[in-house]
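Given chain D's structure and the hints, the job is docking chain W onto it.
Chains as they are written, first to last, in the working numbering: chain D, 1 to 116; chain W, 117 to 231.
Rather than coming from a laboratory, the hints here were simulated on the basis of the structure. Everything hinted at is true.
Using 35 Å as the maximum straight-line C-alpha spacing, the simulated DSBU-like pairs for lysine-lysine come out as follows: (1) K136(W) x K180(W); (2) K78(D) x K55(D); (3) K136(W) x K171(W); (4) K182(W) x K157(W); (5) K73(D) x K157(W); (6) K182(W) x K103(D); (7) K157(W) x K70(D); (8) K157(W) x K78(D); (9) K55(D) x K157(W); (10) K103(D) x K171(W).
Where chain D lies over chain W, by a calculated footprint (3+ residues, C-beta under 8 Å): (11) 156 to 169; (12) 206 to 213.
Note that the Cβ used here is the ideal one computed from N, Cα and C, for glycine as well.
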Amino acid sequence: AQTVTQSQPEMSVQEAETVTLSCTYDTSESDYYLFWYKQPPSRQMILVIRQEAYKQQNATENRFSVNFQKAAKSFSLKISDSQLGDAAMYFCAYAPGGGATNKLIFGTGTLLAVQP
Amino acid sequence: GAVVSQHPSWVICKSGTSVKIECRSLDFQATTMFWYRQFPKQSLMLMATSNEGSKATYEQGVEKDKFLINHASLTLSTLTVTSAHPEDSSFYICSARGAGGETQYFGPGTRLLVL
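The following block holds chain D by itself, in its conformation from the complex (with noise of 0.2 Å):
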């Protein structure tokens, strides 16, 4: 069965500095999704950012990047120049691909706080 680890339940980073979030997952799948969902405390799960698997490049969005590391089963999140807006509820989640039903499996999540 797939897995999705956080191992860090609790992160602090000061503004307009730099702070990367972990997320390993264990599948035995060769196609499947890699997703970063935020949920500011308005509890709405925001998209952040998506990596298939097959592409080796790292996928970015503006501020934010992933270190996709496929062999190592290892997808973290960087977020540079945070802002007070990015405090909230990191979730990482995985999808299998090429299923019409896909569920996704979310991690515990990791609760960023960013200091003024």
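This is chain W only, laid out in the frame that chain D set:
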């Protein structure tokens, strides 16, 4: 694009009554919708998956007669909590995914409080 709405955002009801929560994809056709439950400071727990026009597939341990899911169109799915009890109080979130897509887009969630 990829906006999902949920209604209501808050609901308080008496024990024994039924509550219906709507999930709509506003700018895309959602062939698959998912319903989650989230307890405070915890991750999302998948309750069921529904495909338009088909019966929902429930996760192990989720009572299908208590949590009725209908996915009657490509833009609307509903979750009805029947004969709600205080232990059903929780935060319910839906998500939607379009045909051929792998990304789930989430609604803003519904806070249910059963008195």
